[in-house]
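Engineer: Listed in order, the protein sequences are those of chains W and D. End of the first sequence sits at 1723 in the numbering used here; the numbers just go up one at a time, nothing left out. End of the second sequence sits at 298 in the numbering used here; the numbers just go up one at a time, nothing left out.
If you are wondering where the hints come from, they were derived from the structure by calculation, not from laboratory data. Hints are not guaranteed to be accurate.
[Stated by the list, open to error] Calculated pairs, PhoX-like style, for lysine-lysine (alpha carbon to alpha carbon, straight line, at most 25 Å):
(1) 1392/W with 251/D
(2) 190/D with 251/D
(3) 298/D with 1309/W
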Amino acid sequence: MPTFDRELSLTLGGEAGQGIQTIEYLLSHLLKTAGYHIYATKEYMSRVRGGSNSTTLRVGEKSIAAPCDRIDLLIPLDKAAITHVQNRISPKTLILGDKSRLGEDFPLIDVPLEKLAGQAGSGIMANTVAAALVCGLMELDAGLLNQFLSSYFAGKGAEIIRQNLAAAALGLEWGAKIARQEQIKIAIKPTPEVKNQILLNGAEAIALGAVAGGCNFVSAYPMSPSTGVFTTLAQNAEKFGLVVEQAEDEISAVNMALGAWYAGARALVPTSGGGFALMVEGISLAGMLETPLVISLGQRPGPATGLPTRTEQADLEFALYGGHGEFPRIILAPGNLQEAFLLTARAFDMADRFQTPVIILSDQYLVDAYYNTEKPDLASGEPENHFIKTRADYQRYQLTENGISPRGIPGFGEGLVCVDSDEHDEAAHITEDLDIRSRMVEKRLKKQELIKETALQPTLLGKAGSQNLIIAWGSTYQVVKEALEILSLKDTAFLHFSQLHPLPATTAGLLAKARQLVIIENNATSQFGKLLQLETGIKIENRILKYNGLPFTVEEITEHLKILWEGGLE
Amino acid sequence: MSNPYDMGAIDIAWCPGCGNYGILNMVKSSLSELEIKPEELIMVSGIGQAAKIPHYLKTNFFNGLHGRALPAATGIKAANPGLTVIAESGDGDMYGEGGNHFIHTLRRNPDITNLVHNNMVYGLTKGQASPTSQPGFKTPVQVEGVSEEPFNPLAVAIALDAPFVARIFMGDKEQSKEIIKQAIKHQGYALVDIFQPCVSFNKVNTYQWFKENTYYLEESYDPADRQAAFQRALESEKIPLGIFYRHESRPTFESTLSAYREDKTPLSRRKADFNKLEELLDSKK
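Extracted from the complex, chain D is given alone in its bound form (with noise of 0.2 Å):
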C-alpha cells in the first residue's frame, strides 16, 4: 500500500470482474514505478464506465464531457508543458464521440498519452456496439448484428503518423504495463489501445476470445518500419500486441509553439506585457 497514487478504501463503480480494474492497476504501477509525483500529473477523460478512472487515482483530474478528453488533454498540456498529461477513456468516448478530435490530436501530435479501454462495447448505456465492435455482434439496437466495418485506431493512427502506436491485453500484466511505461515516457502523442473484456455486456469478446485470438509480435520485428507497421495493423484474423510504430521524429505540438521558443514558463505564471502592449497600440497611432 506504499503506491502514492492509492485512494485506499473507496466505492468504485465497476462491475466485479470488470477488465478496468486490472487497467487501473498497472496504470497505477506504472505511474509510481515511473516515480511521477501526483501533484504533476493531470489524468483527463470523458465519459464512460472507463472515464471514471480519474476518480480512482490520487491525483489531479479533470473529468470532462463525452467525447472530449483530447482537447481538454491538449489545452492542459499546452498551457502548462511541465506536467504530464495521460488522456484515459474508453473506445466510445475516444474513437466514436471523440473521433474528430482523436484523428486531428493524431495531427497535433501533443506530448499527452492516450490510453483507450477497448471493449468493443457501451457498457454505461447498457449494451448497444461501439465503433469498435466486432461485425455479426448482436444488441438491443443492432438486433441483426453489426453490419460496419469496425474502427482500426492502430491503422488510423499509423496512417496519420503517430509517433507511438501499441495495443496491450489488459489480461498480460507485465507486458502491459511495461508498455505503458514506454508511452507515458514517450515525447509526443502516444496510443495505447488495451482490450479488456465487458463481464456484463459483451459475452463474445471474453477473457477467454482475447486470449485464444491475440499474440505478440515477434521480437524481431521493427516499430520504425511504418509500411510494416500498417500492415500488422490491418491484420485481423488473429491480432498482434505489441509496439506496432514508433519514431521519434516528429516535433511535439508544444514544440511548435512560439510561446515556447523561448521562455518555458507555463503560461499561468507569465504578465502580459503592458510595454509591448503600449507600443502597439502606439503603432495605430
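If we strip away everything but chain W, and leave its shape as in the complex, we get (with noise of 0.2 Å):
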C-alpha cells in the first residue's frame, strides 16, 4: 500500500500549450491555501507550443525549497512525458494517465483524463481535471477547489467556470476512487504556520524587493528568464506609481535607467546574460558618471542565446568584469526568496549610497521556482534617498576623503548637476589634466574599500572551524541546505555567499580554518572557485560542477558529497 506521510514529489508532463503551467499554478496555491508546504519548479523547452516540459511540485508537512529527482507520482498529458523524466521514474513511482494516449510500455494507473474533460464539456480541460485527481487523491475538501477554480476563470466568463467546476468534480470523484481502489494514502498534514506565509516564486520576489527598495523606474528589453521581474513590474506599476518602458534594446534600457537615477529616480534594468552583454557600455557609464544604477540578472546558459529556458550560475565573471576601465561595483546573487526580496531591495540602497552599479545575480532555476516563505519584514522601514540639495557651488565630483562626492539632482537646490562620461574635474567639465585624472580614479576607487566594509557576511550553517566546509553561493543554498540534513556529515558546516563582490575581509579567515574544501557551482569552470582563489590565495580542488542546463537536485547534492567524504558520515 502506497503511503506518503510526511512528504509527496509530484511531476506533471506535458507538451507547450497542454496546460502544465496552469496545473503547476493551480495545485501549489490550492495546496497552499488548504496548509500544505509547497515548492514547485518547472523546466520547459524554447517553444510555444509543443516539446515535452515538465513540473515538480513537493507537497508536505516541513518547509521545502530544492528540487528533487524522485518522483512519487507522475501525472504524464502525452507519451514523451513520461520518456521525458525516465531517468527519474523508480520501481516506486506511480504513474497515473490516459492509458489510450500513453500505450502499455509503462505500468500505469489508468484515468481517462481527456474523457473526462470532454464529458465536462472539452477535451481542453484535461489539467483541470489532473489538478482536480490530484486533490481527490489527497482528500482536499472540493468547496476549497470549486473556490479557487472559480476566481482563478473568474475573466473567462461563467460558461467556462462551470466547465471547469465540472470537470474538477470528476477529477476529485476518479482521484478518490484510484485512491480507494490502490490503497495509495497520502497522509500529509497540513501546517498552521504555513496560513500566514506567502506563495511566491523567485521573478515576484526580485520585484517586490525592488518595490521595498523604492524603485520607482523600470527600463528592459524582454528576455527570459528575468521577464518575469519586468512583467510583475509592469503589472503594479499603476498601484506603485512605477515609471515602466519596454525598451527598444537593451542599451536603451540601461541608458534610460542612468537617465533616471540621474534624475532622481530609482531605477532598475532586468535582464539576462544576452541582454546584459549589450548594457556593458552603460555598466562602464555608471562607473565614470558615478550614478547608481541596479540590474537584475537572471542568469540562463550560454554562450550567446544558448539555452534561453534553462538555468545556470555561469554570469559570475561577466558581471564582475564587464565594462571598461576600473570603478567599484557591487554583485550580490540571493540564496532564496527572502534573500531575493531582501537583497534587491538593500540593492537600491547600496547603488544610492555609494553611487556605483549594483548587480543582482539570480538563474533560472531561481526566478522561476515557487514555495511558501515568511512574508519579509518591512520594519527595517522606507528607504531613505541618498541625494542632497545642491547649492550654488555645487560640484558634482567633489574631491572628498572617502571618495563619495555629495549627488546633487538636477531641479532641486540651487547647484547645477552636471555628468561627463569622459573623464572630468569635480565640476564634471572634460579634462585631459593626467593629474586630475589620477586623483578621479583614486576617487572612485576608494568607495571600493568602504563597500567592502559594509559587505554582507556569508551565512554560516554548523560549526565554525569545521573540518569539511562545503561552499555555495546564489540559488543553491536551498538544495545544499537540505542534502545536509539528510546527510548528517560529521564536522562539517556550509558556507554560503549571497554578497559576491566585493567579499567580506573576513572570507580568507574563514576558508583558512577548514582542512578540507569543496564548493559546488551550477557552472563547468568554478567561477567563484577561482574568484576566492584570487581573493584569499586559497585554491580550491574539490569542485562539484553542472552544466548541463538543469539545477542541482538533492540527491545528486548527497550522492557527490558521500562519495567525497566517504567514511564521514556518522
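Got two chains here, separate frames each, mind docking them using the hints?
Structural biologist: Pasting the structure below:
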C-alpha cells in the first residue's frame, strides 16, 4: 500500500500548450491555501507549443525549497512526458494517466483524463481534471477547489467556470476512487504556520523587493528568464506609481535607467546574460558618471543564445568584469526567496549610497521556483534617498576623504548637476589634466574599500571551524542545505555567499580554518572558486559542478558529498 | 554678457570658423529669451564635436555615450517631467550610432527637443563619411566616394509622425533661432536638423554650398499637411528649410505613464508605499 506521510513529490509533464503551467499554478496555490508546505519548479523548452515540459511539486509537512529527482506520483499528459523524465522514475513511482494515449509500455493506473474533460465540455480541460485528480487523491475539500477555480477563471466568463467546475468534480471523484482501489494513502498533514506565509516565485520576490527598495522606474527589453521581474513590475506600475518602459533594446534600457537615476528616480533594469552583454557600455558609463544603477541579471546558459529556458550560474565573471576601465561595483546573489526580496531592496540603498552599479545575480531556477516562505519584514523602514539639496557652488565630483561626492539631482537646489562620460574635473568638465585623472581614479576606487567594509557576511550553517567546509553561492543554497539535513556529516559546515563582490574581509579566515573544502557551482569552470582563490589565495580542489542547464537536485548533492566524504558519515 | 547661460572665458575645443559656434550662440539666446532657468534645463549629449556643447553652457548636463543621448534624455524627462530636456549632438551620434534610438524615440514621443548638428561628416574622428554624407563624397575611408543613400532624418521623422520636424541652417541666425525657440516650446518630441559646415573635413558642403543649395518653405506652406511635408522632405535638388511638419495631436510619452495620471510629483520626491506593499504581500498568503 503506497503511503506518503510527510512528503509527496508530484511531477506533471506534457507539451507546451497543454496547460502544465496552469496546473502548477493551480495546485501550488491551492495546496498552500489548504495549509501544506509547497514547492514547485518547472523545466521547459524554448517554444510556444509542443516539446516536452514538466513541473515538479513537492508537498510536505515541513518547509521545502529545493528540487529533487524522486518522483512519487507522475501524471503525464502525453507519452513523451514519460520518456522525458524516464531516469527519474523508480519502481516506486506511481504513474497516473490516459492508457489510450500513453500505451502499455509503462505500468500505469488508467485515468481517462481527456474523456472526463470531454464529458465536462472540452478535452482541453484535461489539465483541470489532472489538478482535481491530485486533490481527490489527497482528500482535499471540494469547496476549496471550486472556490479557487471560480476565482482563477473569473475573467473568462460563467460558461468556462461552469465547465471547469464540472471537470474538477470528475477529477475529484476519480482521485478518490483511485485512492480507494489502489490503496494509495496520502497522509500529509497541513500545518498552521503555512497560513501566514506567502507563496511566490523568485521573479516576484525580486520585483517586490525592488518596490521595497524604493524602485520607481523600470526599463527593460524582454528576455527569459528575467521577463517575470519586468512583468510583475509592469502589472503593479499603477499601484506603486512606477514608470515602466519596454525599450527598443538593452542599450536603451540601461541608458534610460541612468538618465532616470541622474534625475532622482530609483531605476531597475532586469535582464539576462545576452542583454547584459549589450549593457556593458552602460555599466562602464555608470562607473564614470558615478550614477547609481541596479541591474537584475537572471542567468541562463550561454554562450550567446545558449539554452534560453534553462539555468546556470555562469555569468559571475561577466558581471564582475563587464565594462571597460576600473571602477567599483557590487554583486549580490540571493540564496532563496527571502534573500531575493531583501537583497534587491538593499541593492537600491547600496547603489544610491555608493553611487555605483549593483548587479543582482539570480538565475532561471531561482526566478521560476515557487514556494511558501515567511512574509519579508518591512520593519527596516522605508528607503531613504541619499541625494542632497545643492547650493549654488555645487560640484558633482567634489574630491572628498572617503571618495563619495555628495550627489545632487537637477532641479533640487540652486546648483547645477553636471555629469560626463569623459574624464572630468570636480565640476564635471572634460579634462585631459593627467593629475586630475589620477585623483579621479583614486576617488572612484576609494569607494570600493567602503563597500567592502559593509559587505554582507556569508551564512554559516554548522559549526565554525569545522574540518570540512562546503562552499556555494546564490541559488544553490536551499538544495545544499537540504542535502546536509539528510546526510548529517561529521564535522562539516556549509558557507554560503550572497555577496560575491566585494567579498567581506573575513573570507580568507573562514576558508583557512577548514581542512577540506568543496565548492558547489552550477557552471563548468568554478567561477566563484576562481574568484575566491584570487581574493584569498586558497585554491579549492574539490568541485561539484553541473552545467547541463538544470539545477542541482537534493539527491545529486547528497550523492556527490557521500562519495567525497565517504566514511565521514555519522 | 547678461545671458545666464554664459560660461565666460572658457577654452572651446572647436576649430576656428566651425559652424558649432553659431549653433551655440543661437541655442544660448533661445534659452535666455524663453526665460528657462538654467537649473531647470538639462542638456543631454552623446559623443563627437557637437556633443561637447553642454560644456559651453552654464546649465545641468548629462554628457553620456556615443549615440545614447536620446534614451538618457527620455529617462530624465520621465523621471521628472517638469524639467526642460534638450538632446543635442551631431549627425553621426544621433542618426548613425544612435539610429535605433532615434527611430524609437520618435515612436515614443517624449517632450524633448532634439537638436542635431548636421555637417555631413565625422569631425572628431577626422573626416569619415556620416549617415548624411552626400553620394560621391570622398574621404580617407570612402576613397571612391560615398555610395550609400544618405539618411533622410526629416522624411523618417514625418513617416513616424513626429509632432515637430524642422530644418535650419546655422548661417541664417534670426530665422533659425525662432525655429529653435518654437521647437523647445513644442509639447512633444521636436526634431531640428541643423545644417552647419565643417571647415576642416567637409570641403564640399561649405557655407557657400548651404547658401546656394537651400531655400525656405514658402509662407503659404501648411505644416499640418503630413503628405505635403513628406514630399517636401524628399526634395534634394534644392533643400528646403523651415518647419516641415507640426501638430499637437499625439500625447507625450510622459503623459501616457500611469505614474503621472493623478500625481505630477517627480519620482525623486516619491516614497515607496509600504502599506500597499504590505497589502500586496498579504494577497500572496
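Engineer: Going through the numbered hints above, which ones does this structure break? Give me the numbers in ascending order.
Structural biologist: 1
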